[in-house]
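Q: Once you've looked at the hints, dock chains W and S against the given chain H.
Taken in sequence, the protein lines are chains H, W and S.
Note that the working numbering numbers the first sequence so that position 117 is 117, with each residue one more than the last.
Note that the working numbering numbers the second sequence so that position 61 is 61, with each residue one more than the last.
Note that the working numbering numbers the third sequence so that position 202 is 202, with each residue one more than the last.
The hints are simulated quantities; they were obtained by calculation from the structure and are not laboratory data.
Heads up, a few of these hints could be off.
[Claimed, not checked] Listed next, the in silico DSS-like pairs over lysine-lysine satisfying Cα-Cα at most 25 Å (straight line):
1) H:111 to S:133
2) S:57 to S:81
3) S:254 to S:133
4) S:2 to S:133
5) S:64 to S:81
6) H:115 to S:57
7) S:133 to H:117
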Amino acid sequence: MGEKTDQPETDGGTPQEDPTFEQVDWASIDSGETPRRKKEYVWFGIVSAWLIGVVYDVYSQHIAGTGAAEFPVVGIISPVDWLWSITLLVFVYYGLVPLAENRRMTRYYWKEFRKNKAAVISGLFLTVIFAVGVIGSRVLPAPERTPGLENQPPVWGSVEDYVTGNDCPGGTTVVDGVTMCQGSWAHPLGTTSSGEDILRASIYGMEVSMQVGLIATLLSITLAAAVGLTAAYYGGLVDEVLMRYVDIQITFPTFFLFLLLAYTVGGSLFVLILIFGLFGWGSSARIMRAEALQRREEPYIQAAKNAGASSFWTVRRHLLPNISNSLITAASLTIPSIILAEAAIAFLGLGDLTVASWGRIISGGRDQLRTAWWIATIPGVFLFFTILAFNFLGDALRDALDPRHGGSGE
Amino acid sequence: MPQGNRGRLGRRKLMQISGAGIAAGLAGCFGGDENGNENGNENGNENGNGNGDPSEGLPDVELYGPEGDRVSPTLFYDEGDDTALDIGSEMQRNLELVGADLQLDGRAELLGTDFFSEPLPDENPDDFEYGPVGRNAGPPERTRTVNDWDILIGIAANSYPRTPGNTETFWTKDSAVNAYGYEPEVDMAGLYDEFRNAESQEARQERLNEIMGTLTDELPANFLSQGLDFWGFDQAINTSDEFNLYGNSLGTINRYRDEQSVGGDFVWLDGTQFSSAFLPEQDDNNSALRTGLLTDSSYVIDTEDNVVPLFMDIENSGDDQVWVCTLRDNLQFGTDADGNSYGQMTAEDWVFQTETVHGVADDAADFWNEETPPSEALGSYAAVENVEQTGELEFQLELAEADGLFPLRPVIWAETVLPKALIEEYAPDAQALRQSDEVQNFTWTGNLGPYTFESRTGGQTGDFTVTRNDEYYMREHTQDSNVQVMDDAWGDAPYFENYQFDVESEQSTRVERFRAGEADRMALPTAVIQEFEEAVDQIRVEDQQDPYISFQFFNQRANGSILCRERDGREAIARVIDKDTITQDIQRGRTEPAVTHQPTWSEWYDESAVDAYGTGITEDDIVTARDLLRDNENFTVEEV
Amino acid sequence: MKWYIIRRTLWAGFATVIILSITFVLMDQIPSQQIMQAQFQAAVDGVDVETAVQAEKERLGLAKPFHERYIEFMLNIFQGKWGWSYEYSQPVREVIVQTVPYSLMYGFPAIVLSTVIGTVIGLYSAVNQYTTKDYVATFLAFFGISIPNFWFGIVLLVIFGTFLGWVDIGWNAAIVKSADGAWVLLDTAGSEHPAFLREDFQGERYIGVLSPQNLKQLILPTFVVMTGAIASVMRYARAEALEYVDAEFVKTAKSKGVSNRTIVAKHILRPASIPLMTIMVGRILGLILFGSYLVEIVFGIPGIGLASLQAIIRQDTDLVAITILIPTFIAIMGNLIEDIMYAILDPRIDYGDR
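Isolated chain H (complex conformation) (with noise of 0.2 Å):
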């Protein structure tokens, strides 16, 4: 082929097309800029947007005193919407813009995937549960405390009079000279012992457990991946400090703390959500910088330094994203650990009472689980196969993410 690679530019005149051959434009990279996509633009807009009305609504609630802000059309907005909205933001951004772009890789990883049956259907599983939660708790009505409908049993079952309220829709029959209480379709699952239809609280305990999952370990994991990263990247005296106060973290019993916590500063969801996830996220820390370690010797870290690439590009571009494999791996796991732990917390009657989570309808079925044994039953059954789908899913990322066979351990 022909290289008219001496060839100048005339003035005025149109440079020679050439399939081989792509200009080079040095001008522009001389310049040190990258243009922007516009996706960035779209992703800086919605992160400004979003931290304007939070911003707004902090100002109105504490400075100005009048109360929440009242959004067109949204209304009011609870300090957990935020977090829950910049969380879905973030997975849609960082995770699925870029599976969408780069279509190979996702093929690939898909294929791998693919192979652990297991994980597919919990996948399945979890964006079902993902999406009826967050629709229906948009469409459906909040389970309400309705004195008078206690322990109602389940549409399929009927249970003895004494145990429900007063009131019994689904009709009663006598068998054996005693008084049997028939479920009804007005409440398919049957209802807690405040009188909560169980299939409203489950649906809207969905979209709890995976708010509390989710956000707190997006907080969990940029804490662990900022502190991790810089502890590797600097080395030295940071790294020490910054690993021995992970160590410290690490050490603190962290179920005691989260209880400690929980008990003084109060059980209310978002303040549940924070500590879990500025608390719990240590060992996540301490795997991202062992391998970030590893990185921090390949040569195309130090080809950016020569380069002259500041110390923050060269982790965000060149770090962060090589070990992504156990990031995910790390949020993979840490998302259901905190579902239990938040379900253990309300178990301890320590939780959220205003909110449906499914912990607190498990706490309080508890007590009656001889004779109104679904209110612990049914969320039980949700809360284990989410718990389940999310370790299967975890395990399945791992293996299709890493390279490596046998991937790295805990």
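A: The following block gives chains W and S in isolation, referenced to the frame of chain H:
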């Protein structure tokens, strides 16, 4: 087991958090025995709740205050109590009927800072006409509550069905308990004085009717519900007929299995553990129930308000101001940690403890290395001016003010005593005394109680075990006595070999164990009462009258909602709060609506003198409530 | 090497101090329920509120300024004077001595059994990847880590206790001690022994830690704890073993015709056992000791977990401090041993790096 200790502590306790422990209600006409309707409306009331909605025909309204802003009161409830949130939600629905938008706020410590008040920031407390004292910071328009609440539920107050004069502490404007800022329009203090000084029972009843009537008229608080305690007993265990009545019953002679003869063990399944061995400072019922087995007390009061002497008899010297106490002659203390006997209980021990531990002596505090003597009854004993020993087994109490009902007051009633030598051994180090071997292991009890201490395991699943005392002093007083001859039944008392409090803090496990027959007695949680009544054959359910009435307090101070500060607003609230739903549905028919500061079963209660709100709510009630608000210039009722 | 060990040990001590301080500060922030009750009672009785509060503070040992209390607190802990538990009305040391054995009774067999069984299953499934048995084992492992402990315990208790009647629902704590409160391994006693309250029988029955009645009541809690622990051990063993399954020397052994079992035992187990052992010491001990109080609550076992939970709720500061100290101490010790063993045993690691 004499319930005397429980009685005194129960009496002394002015208020408590309702919910935990207060379980139940009057069995009887309520509670779901009519059922089978398709639309499920079976409460035994004319206006069923739920489906028979009295507000159906009425338009929705919104209520606005004097400044044109929506009336949105805040409700504080006890976070730890699940039914509290149910009740709060129900109240939310009720208040919507008059257009108020109730906000719910769960609190961890209702009897803590939430129940305190303080002067407004720009007010000078020195020129208040009364207060600050205790939780009452002063006149309501110049003070506010420390935390911003308008309505508070979850506190139950003692109604003192025996001595209703004690309810004064709630309703006088300058009382220490008056955190909510109630300033009565009538002279409450005067009325109570007249009640106390009245000559005859009829006169007293009349005065009390006036007081109770005023309370339902001015409505400083809405009286929500009164309850019963429910106990499950093994079928074979005997309980006397008096057990169900308010007051003490003598468990020592009345508790036996099958027949009144010695044998077998008794296990009481409890949810809270033992915590306080040092008797002068003991302030919780759980510990008192256990230590009550190891030592009797001065005397107990029966259901007829008569004194039943245990250690001593108390007599009026004639002027209502000096009271003479006579001890029985065979009371022997036990030993100290080394085995040396403390000898006989004499009046000296009583005088010494009353003076140095309970603070009757002026210099009592100097005796100890702490700022105040180690007693929780300092306030109660402030009524005693002087105590003096007048004989080996006799001593006198001189009161600061003449009081004809002194034996019924929680002062010397159900009081226990430690040996003087024990106290002197450890004084002035109060902490050492509290933690001493003798106190923790009850070596000093001797023949003073029906049982002796055997062992205890601490913790949420521990136990407290005692064995029958072979030397129980009371057995000698059945034939003749220097104080009072007792019934023959005391001759063999108690009737169990071993008595154990078995702690199982996890309620579901506790109930499950009781179902399986692993214990003889247990307090039944509301949800399972009906099941035990109907389906568990070997358990018998007994109820016991409970003097605590659950209140809905209104904040009448400067930071309270206009709805609570205005009397019309309070009546509007009282008219729409549906006590029937709360008691029949949420509390499963185990409580009854209360009317005033006396339970309806009290002999002092007179229904003609009071107005009852909140039961059998009809459309008229709601309309009246709305009209009250409309006619009051502070409110605007708008239909939407 | 020595320098490294010394540094790590010093750090362990320092970490302990910091953790205790944090605990102390946190507990201090909680407004004391007893003081509020005293305030209220004083208001009611008409006594001067200030005096009453002061008296209550002194009773609870809260009267002194913060730094004095803090120093006293830290010194006492290290001197072994662990204070007084208001909840148990006993010295804290006494509480610990009485409760830890109960936790160990179900914890220790759970640890040992789950390590052994977990390792075996993990190795097996590493060697036989993607077979049905591997899937079954993996599924069981996931089941174990996913199921909420407390819920599982309750369900088992209801099934085996209430419906089938095979186990007692309540926990018999007196069965492991003799009549005068001393711990007993195996002995016999008649019906006047406190463990047999409300029962009347002739002759004698076994009591003690190894008695059949005690062992029977230990089955369920141990099982519940094991389900979680086995899963963790199994996954870790599998992961570790997988690193070596594809290793050269294993392939060599296979091509030489060595049986699978020998391969696993000799070639895989040995290098994999180092991290396994350290993991067991370091993590699982702590995990089981304090993570199991949910189990203790459900089954009613008077162990250290139950004690610590209630201590927090009742603001029994001295007891909280010690119950946080113990698992922390074990965890720190465990990490220390883990690091040291790694440093000693694994020549690949440059310990100066840390």
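Q: Hint by hint, note whether the structure agrees.
A: Hint by hint, here is what the structure shows:
Proximity of residue 111 (chain H) to residue 133 (chain S) is assessed by CA-CA distance (about 23 Å); at most 25 Å being required, the pair is judged to hold. Taking the CA atoms of residue 57 (chain S) and residue 81 (chain S), the gap is about 20 Å. The hint holds against a cut of 25 Å. About 21 Å separates the Cα atoms of residue 254 (chain S) and residue 133 (chain S), which keeps this hinted pair within 25 Å; it holds. A hinted pair counts as satisfied when its Cα atoms are at most 25 Å apart, and residue 2 (chain S) with residue 133 (chain S) does not qualify at roughly 46 Å.
The hinted pair formed by residue 64 (chain S) and residue 81 (chain S) meets the criterion: a straight-line CA distance of about 18 Å does not exceed 25 Å. At most 25 Å may separate the alpha-carbon atoms for a hinted pair to count; residue 115 (chain H) and residue 57 (chain S) exceed this at roughly 65 Å. A hinted pair counts as satisfied when its Cα atoms are at most 25 Å apart, and residue 133 (chain S) with residue 117 (chain H) qualifies at roughly 15 Å.
Checked against the numbered hints given earlier, the structure breaks hints 4 and 6 and satisfies all the rest.
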